[in-house]
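Enquirer: Position chain B with the ligands relative to chain A; hints supplied.
First to last, the protein sequences are chains A and B. Mapping to the working numbering: the first sequence position 38 is 38, numbers consecutive. Count along the second sequence starting at 1, add 1000, and that's the number in the working numbering.
Keep in mind that the hints were calculated from the coordinates and are not lab data. Even for Gly, the Cβ is constructed at its ideal location relative to N, Cα and C. Don't take each hint at face value.
One-sided and incomplete, this derived list gives chain B residues near chain A with beta-carbon spacing under 7 Å [claimed, not checked]:
no.	residue
1	Asp1098
2	Lys1176
3	Val1178
4	Lys1179
5	Ala1182
6	Gly1183
7	Lys1188
8	Pro1209
9	Arg1284
10	Gly1332
11	Ala1336
12	Gly1364
13	Gly1414
14	Gly1415
15	Met1419
16	Lys1425
Not close to chain A: a few residues of chain B, all C-beta gaps over 10 Å, as computed [as the list claims (entries may be wrong)]:
no.	residue
17	Ser1027
18	Arg1110
19	Gln1215
20	Ala1352
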Amino acid sequence: MQLADLRHRIEDRTALTRALQEVLGSDRVFTHPADLIAYEYDGAQVLTAIPDLVVLPGSTEEVVGVVNAARRHRVPLIPRGAGTGLSGGAITPIGGILVSLARMKRILHVDLDNRCAVVQPGVINLDVTKAVEGSGYFYAPDPSSQSACSIGGNVANNSGGVHTLAFGVTTNHVLGLTLVLPDGSVERLGGRGADEPGLDLTGLVVGSEGTLGIVTEVTVRLMRRREGVRTMLGIFGTIAEASQAVADIIASGIAPTALEMIDQLTVEAVEPVVHAGLPLDAGAILLIEVEGVCDAIDRSAGIVDEVCRKNQVREVRIARTEEERHLYWASRKGAFGAMGRLAPNYYLNDAVVPRSQLPAIMRQVMEIARRHGLRVVNVFHAGDGNLHPLIPYDAAAPGESDRVLKASEEMLAACVAVGGTLSGEHGIGIEKNNYMPWIFSASDLDAQRRLKAAFDPEDLMNPFKVFPTPVSCGELMARRAPRLAASGLWI
Amino acid sequence: MTGDLADRAREIVGAAHLITDQAALASLAVDGVRPAVAAHPGSGEEAARLMTAAGERGAAVLPRGAGVHQHLGGVPARADLVIDTRRLSGITDYVPADYVVAARAGTPLRDLQAELGRHTQWLPLDPPGGGAATIGGLIAANRNGPRRLLYGSIRDMLIGIRVALPTGEVIKAGGKVVKNVAGYDLTKMFIGSLGSAGVIVEATFKISPFPGDGQTILVTVPTRAAAHELTTAIMRSYLLPAALEAADPHALRHVTKAAGVTAPDPNAWGVLVLAEGLAESRVRHVDEMRALAGSRGRIEVLEGAAHTALWRAVAEFPSPDAHPAGVIFRAGGPIARWADLASGAQEAGAPAGPVGVLAHAGTGVLYAACAAADGPSVAASLGAAASAAGGYAVVEAAPPALKPHLPLWGPPPGGLELMRRLREKFDPRGIMVPGRLGWGLS
Ligand SMILES: Cc1cc2nc3c(=O)[nH]c(=O)nc-3n(C[C@H](O)[C@H](O)[C@H](O)COP(=O)(O)OP(=O)(O)OC[C@H]3O[C@@H](n4cnc5c(N)ncnc54)[C@H](O)[C@@H]3O)c2cc1C
Ligand SMILES: Cc1cc2nc3c(=O)[nH]c(=O)nc-3n(C[C@H](O)[C@H](O)[C@H](O)COP(=O)(O)OP(=O)(O)OC[C@H]3O[C@@H](n4cnc5c(N)ncnc54)[C@H](O)[C@@H]3O)c2cc1C
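So that you can see chain A by itself, here it is in the shape it has in the complex (with noise of 0.2 Å):
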C-alpha cells in the first residue's frame, strides 16, 4: 500500500479553517504551505510530510477549541512539542492538524516544599531547572537536547537523560497532568500525593506518544540538589575494557549518578568544537558523576577511580573546576550537534540490551557496521545498557540511505536477540512500529489497542504511529529528508 492512498481527506477545508479561526484568530492558523513546511520534518528526519494546518494555541481552553473543531471535522490530531524528537512522532505521515504546544511556555507555580512545579507543556525542559537552581532544586530528567526540547515532547516520549541511572526517567517525576482527550474533554489526572487511590493513568499517558490525547499542563517532581558532585574522565584504551568498568562501578554499590560511554570517534568530532583536550587516541572515555553529601565523596570517587584501574585504565581525570566540568558535559551533550563534522547525514539508533550485554553487543554492532562499510560513533547511556550507535553518512551517495537502514535494522535485532529492546528513549513513532512485532505478540499489542481505544475510540490522535501500519518501513524510510542536521543547534 502507499501512504499517498492512506492520506487523510479533508471535506471542507475553508469551513474548517474558519472554525479554527474562530479559536484562535487567523495569526495563529497556518494554512500556507510556505508556513507549513517549516513542520514538514522533526528531529527524525525519517520521513517528511506536510501537515494540512499548523495551529498554536495558548491555553487549555484554545486546545479544546482546536480538538472540538478537528473532530466535528472528523480530521487528526498531531501534537508538537519543540520537534526534537528522534522517532517521527511530531510529523503528519497522513495529514492531519498539527498542534503546535510551543506558545504555552509558561511556568505556572513553583512550590519548593512540597518540591513539585506546574508548567505548561510548552516549557523548554532546562528552563524549568533554571528556574529553581538558584534555590538549590532541580528537575532530574535531562536529556542532551535539554536546551530545546519541550516538556510536553518529555512526557510524551517518557525521555530519559544523562542522569537517569540514578533519577530514573521521565515517568519517575510526573506528579499529575492535565490532557485534553479527542472527545474535547479535560481530565486533571493525578496530582494528588503518592500511591493514589484508582488507576493509574498518569503513568499510562507518559510515554504514549501523543496518541491518547493532548497534554496542556504537567506536574512535575522538583529534587534537592546534592550538596557535593564529583565529575570525572575515565580514559580507556578500548571500549571492552571501559564497559567492563561500568559494570564493575554499579557493582561496587556507589550508584554513580551518570556513567557515560564516549568512542573514539565521537572525541574526533567533538574536540574541535568543545576543546576540552580529551584525548584523540582514547578508545572510549567514560564519564563517571558521583553526587551526595561532601563528606561520603571523596570515597565514592576514590572507589571509581580504584575500579577504573583494576580495569587498565589509562588515565582518571576529575574535573577541578565548574567550568571544567561543563567542558567534559558539553562533550557528551554536544555529541550529537558536532557529527556534521563527520560527515552530511547521520542516523541515530536507539536500543538497550541487558547491561551485561553490553560488551559484546558492541562487538556486534562494531561487526555490523563493518560488513555494510560503514562507520559507527558511539556515544551512550552506558549505565543503563541504553546503546545509541551512530552512522554518519551521505545520503546524495547511491545506496548508502539503503545500507543505513539495513545495517541499523541488523543492530536493533541483534539487541533484541539478547533480550533488549526497540528503544531506551526515542519512542516508536513512525520510524520502529513496524518492528514492534518483534517484541510484543498479537495479544499484547491488542492489550495496547486497548488502552488506545479507551482514550480515543475514533483514532483521531497521532494516527500511524507506534502501532504497525500497512505501510512497510521501507516506504517511509526511503523518502528521509537528505538534509544536514543543524550541526551545533542542540549543544
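Expert: What follows is chain B with the ligands alone, placed relative to chain A:
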C-alpha cells in the same frame, strides 16, 4: 448459573489443585465473604482459562496471593472463584550483573530477597507484610514502605509484567531492561489494581546493590508543630536519608515498643531518620541531625538489632494486626502538608480512643489508626483535611460490618470516566473483584 464452574475449574487445574472443602474455603473468606471454590493454577495459561470459564458463567473472581491481607477496598459483592497464585512461584530469570530479576507472581517477597541477598543485592522495598506477601500481591496492592524516600516505590522498580487477562489472553508488558519506551507502559495498569485487571503471573524488577547496615537517628520533640519544623528543616538540608518518619506519641510508643527500644517520653512526638550507605555519609547524617535537633529535642542514635527492629515496626505500622479491630487510613498529599493531614486525623473531636499517626514525612504519605467507634468521625475530618490540602484519604482496613458506613475511597478522582472505559475494555464482563474498587469501578 455458576453451577458447573467447579467442574470446569477441576478440568483446568486438576483435582489436586482445586479447593472445594468448606472448612478450607472458610479460611479464604474475605471480609466474611466465603468463596464458592478456589483454584491454584500452575501456569498463566491456566489462570487465563479459569477466568474465561468464570466469564462464560458470569462468576466473580478474586485473585489471591499469600492472602495476608485481602481486605483493602469494599466488601466483595460475590466470590465465586478464588485464583490463588502460590503455585506460580520461584525466580525465572536472574543475572546478578544485570541488576534485574524476574520471578513468578506467587513468590513470597521474603524468598526473593533471600536469593538476591546471596549476591549482596535486594529489591529496595520494605512494605508492610514484607515477609509472606507475594510479589504479585504487592504489585496489585501497590505497597510501599518508609525507604521509598531514597529508593523509590514499586512503580519505579517494576519494569516488566506478565498477566493473565480476564478476557483469556496471557500478555506481557514492558521487558527485561531498565529503560524501555517501546509501546505503552501497560505495567501501570496493574500496580494498585487490587486484582481488577487480571491475574499477574510474573514480574520483572530492577534491583539494587544492598546498602548494608544503617543507623537510626531518633529525635523526640514536644509537639506536632515542632516535628513538622524539624522534618521541613531536614528536607531543606542536603541530607539524603533513606527514610524520614514523623510519629505522634501513640505511634512512637507503638513502634518503639514493638522494637524493644526504651520507651520515650509518653507525650513526645518522634522524628525518625534512617541513614544508610557509606560510613562517611552516615556519620554526616548523625552529626548534622545533632545540629538540626539542637534545642528542639532529645536525640538518640540506634544501631544493630534495635535499629533493624524499629524500621520493621515502622513498616508494619499500617498492618491490621497492629491495630486489632481498628480502622486504618492512608492519606497522601503535598509532601510538606503531612502535618495538616495529621491534625485532620487527630482533631475529629471526642474520640473514644487514641488516633495514632505515622507519616512518611519525606514523601507525604500518612497512616492513621483509630478504634472502630471513631472510624466515621476520623474519616470525615481526615477526608476534609486531605481535600483542603489537595490530597486524598482512603480507608485501608476496617471491620467488615463498618465498611459500608465509611467513605472507603473518598471523593472520585480525575479521569474516573477514563478508568471506567479502561475497566470495560479489560474486564468487559465485570467479573473481577466486584465490590472492591471505589466509585463503582468493580
Ligand atoms: C541532539 C538530540 C539529543 C537528544 N537527546 C536525547 C536524550 O538524551 N534522551 C532522550 O530521551 N531523548 C533525546 N532526544 C530526543 C528528543 O529530544 C526527546 O524525545 C524530546 O522529549 C522530544 O521533545 P520535543 O518537545 O522536541 O517533542 P516533539 O519532537 O515535538 O514531539 C515528540 C512526541 O511528543 C508528542 N507531543 C509533544 N508535545 C505533546 C503534548 N503537549 N501532548 C501530547 N503529545 C505531545 C508528539 O506528538 C511526538 O509524538 C534528543 C534529540 C536530539 C535532537
Ligand atoms: C488494608 C491493607 C492492610 C495491610 N496490612 C498488612 C499487614 O498488616 N501485614 C501484611 O503482611 N501486609 C499488609 N498489607 C500489605 C499487603 O496485603 C501485602 O503487602 C500484599 O498485598 C499481600 O500480598 P499477598 O500475596 O498476601 O496478596 P493478597 O493479600 O492475597 O492480595 C492483595 C491484593 O492483590 C490481589 N492479588 C494478589 N495476587 C495477585 C496476582 N497475582 N494478580 C492480581 N492480583 C493479585 C488480590 O486480589 C488483592 O486485591 C496490607 C494491605 C492492605 C490492603
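Enquirer: All hints are to be evaluated individually against the structure, with a verdict given for each.
Expert: Hint check results:
1. Because the smallest distance between the Cβ of B:Asp1098 and any Cβ of chain A comes to about 4 Å, under 7 Å, the interface hint for this residue holds.
2. Checking B:Lys1176 against chain A: minimum C-beta separation of about 5 Å stays under 7 Å; hint holds.
3. Given hint, B:Val1178 at the interface with chain A, holds; its Cβ is 5 Å from that chain's nearest Cβ, closer than 7 Å.
4. Restraint check, B:Lys1179 versus chain A: the minimum CB separation of about 4 Å is within 7 Å; hint holds.
5. Interface restraint check: B:Ala1182 against chain A, minimum CB-CB distance 4 Å, threshold 7 Å, status holds.
6. With 7 Å as the threshold, the beta carbon of B:Gly1183 comes within range of chain A, its nearest partner Cβ sitting at about 5 Å, so the hint holds.
7. With a cut of 7 Å, the hint placing B:Lys1188 at the interface with chain A holds, because the nearest CB-to-CB distance is about 3 Å.
8. For B:Pro1209, the interface hint holds, the least distance from its beta-carbon to any beta-carbon of chain A being 4 Å, beneath 7 Å.
9. About 4 Å separates the beta-carbon of B:Arg1284 from the nearest beta-carbon of chain A, less than 7 Å, and the hint is met.
10. Annotation: B:Gly1332 was flagged as interfacial toward chain A, and the flag holds, the nearest CB pair being 3 Å apart, inside 7 Å.
11. A least Cβ separation of about 4 Å between B:Ala1336 and chain A falls short of the 7 Å threshold, and the interface hint therefore holds.
12. Hint status for B:Gly1364 relative to chain A: holds, with the closest Cβ pair at about 5 Å, below 7 Å.
13. With its C-beta approaching chain A no nearer than about 4 Å, B:Gly1414 sits inside the 7 Å limit, and its interface hint holds.
14. Against a cut-off of 7 Å between C-beta atoms, the interface hint on B:Gly1415 holds, since the closest Cβ of chain A lies about 5 Å away.
15. The interface hint given for B:Met1419 is met, as the beta carbon of that residue sits about 5 Å from the closest beta carbon of chain A, less than 7 Å.
16. With 7 Å as the threshold, the beta carbon of B:Lys1425 comes within range of chain A, its nearest partner Cβ sitting at about 4 Å, so the hint holds.
17. In this structure B:Ser1027 is separated from chain A by more than 10 Å, as the shortest Cβ-Cβ distance comes to about 28 Å.
18. Annotated as non-interface, B:Arg1110 keeps its C-beta farther than 10 Å from every C-beta of chain A; the closest such distance is 22 Å.
19. A cut-off of 10 Å between C-beta atoms confirms that B:Gln1215 is not in contact with chain A; the least separation is 14 Å.
20. Look at B:Ala1352: its CB is around 27 Å from the nearest CB on chain A, clear of 10 Å, so calling it non-interface holds up.
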